[in-house]
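A.B. asks: Sequence:
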Amino acid sequence: MSFKTKKHLGQHLLIAEGILEKIVEFANITQDDIVVEIGVGTGNLTEKLLQKKPAILYGIEIDETAYKIIEERFKDYQNFILIKSDFFDVNLFEIAKDKKIKLIGNLPYNVASLILVNIVFYKDIIKNAVFMVQKEVAEKLIAKPKSKDYTFLSVFIQSFFKVEYLMSVPARFFSPPPKVTSAVIKLTPIENKDIQDIKAYKRFVSEIFANRRRMLRTKIDTEILQKANIKETARVEELSIEDIKNLFKIYKQNF
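Position 161 (the sequence shown) corresponds to 161 in UniProt numbering; numbering is contiguous.
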């Protein structure tokens, strides 16, 4: 069956066999795993995942024109379930059913950052996540303080996950080729008992990164900055993640 990619869905199908196999290898799929693939497309990555015989593979796909292709291609697999939905309308807790899951996918470029932020709220049920994203996004995910790539996304994701930049992927390995280089990243949850209210932390980090070049004293009471042992003239891009977590903790105690 023919399939036409859609620009408004950020679709770029990964067609390189070697890269597909590498992604699955990075995820370390076993026969006990519950795997969730975000963005099935025509199923190139799905096929490689099913060859590893996971306990079950859920494939989430928003594009209705891909459903017949996917259903025909994988009709003989009893351990594959197609979820015909937008990822943001799927409750991963219901899929996991008190077990842990592995996430994988060639994320649509137009919503990749939103998906990454969203999975933080599922961190307690995630074993690991292996994603293809734009290289620009991957560089933000691993960025350190005092660098231009150090943003809200860097801090929010690194507060809850160990982030590994695994490999770069040139545009020629996709159909249609994107205008940018891509990258494969791996996220592994880390222990973080300091932050219980993730929504409040997300809002706090977002707010202090707004107008990032402004001094923190213009955004936060100087007394709170002093308690957190942060200079009044400091800018958010200079703070480590531990600094920001500590600042959030003290900020919450005062409001």
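Calculated directly from the structure, the hints in this document are not laboratory data. Don't take every hint at face value.
[What the hints assert, rightly or not] Below, computed lysine-lysine pairings styled on DSSO-like, alpha-carbon distance capped at 27 Å:
| # | residue 1 | residue 2 |
| --- | --- | --- |
| 1 | 22 | 99 |
| 2 | 162 | 148 |
| 3 | 202 | 97 |
| 4 | 84 | 53 |
| 5 | 22 | 179 |
| 6 | 127 | 52 |
| 7 | 135 | 22 |
| 8 | 53 | 75 |
| 9 | 219 | 53 |
| 10 | 231 | 245 |
| 11 | 100 | 148 |
| 12 | 127 | 146 |
| 13 | 179 | 148 |
| 14 | 179 | 219 |
| 15 | 202 | 48 |
| 16 | 186 | 84 |
| 17 | 123 | 135 |
| 18 | 135 | 99 |
[Stated by the list, open to error] DEER-style ranges, computed between Cβ atoms:
| # | residue 1 | residue 2 | range |
| --- | --- | --- | --- |
| 19 | 90 | 211 | 43 to 51 Å |
| 20 | 52 | 188 | 38 to 46 Å |
| 21 | 242 | 181 | 17 to 25 Å |
We treat Cβ as the ideally placed atom computed from N, Cα and C, and that holds for glycine.
A.B. asks: Regarding the pair residue 100 and residue 148, is the alpha-carbon distance no greater than 27 Å?
C.D. replies: 35 Å, violated
A.B. asks: Tell me if the straight-line CA distance from residue 186 to residue 84 falls inside 27 Å.
C.D. replies: 25 Å, holds
A.B. asks: Run the distance test for residue 84 versus residue 53: straight-line Cα separation, threshold 27 Å.
C.D. replies: 22 Å, holds
A.B. asks: Does the structure keep residue 135 and residue 22 at a Cα separation of 27 Å or less?
C.D. replies: 17 Å, holds
A.B. asks: Note whether the CB distance of residue 90 and residue 211 lies within 43 to 51 Å or breaks it.
C.D. replies: 34 Å, violated
A.B. asks: Next pair to validate is residue 162 with residue 148; report whether the Cα-Cα distance is within 27 Å.
C.D. replies: Within the cut-off at roughly 20 Å; holds.
A.B. asks: With the threshold set at 27 Å, check whether the alpha-carbon distance from residue 202 to residue 97 stays at or below it.
C.D. replies: 26 Å, holds
A.B. asks: Quick one, are residue 231 and residue 245 close enough, alpha carbons at most 27 Å?
C.D. replies: 16 Å, holds
A.B. asks: Sort out whether residue 52 lies within 27 Å of residue 127, counting only the CA atoms.
C.D. replies: Holds, because 17 Å separates the two Cα atoms, which is no more than 27 Å.
A.B. asks: Taking 27 Å as the top limit, are the C-alpha atoms of residue 127 and residue 146 close enough?
C.D. replies: 30 Å, violated
A.B. asks: Please work out if residue 202 and residue 48 have their alpha carbons no farther apart than 27 Å.
C.D. replies: 35 Å, violated
A.B. asks: Could you grab the alpha-carbon distance between residue 53 and residue 75 and see if it respects the 27 Å cut-off?
C.D. replies: 15 Å, holds
When each numbered hint is compared with the structure, violations occur for hints 9, 11, 12, 14, 15, 18, 19, 20 and 21.
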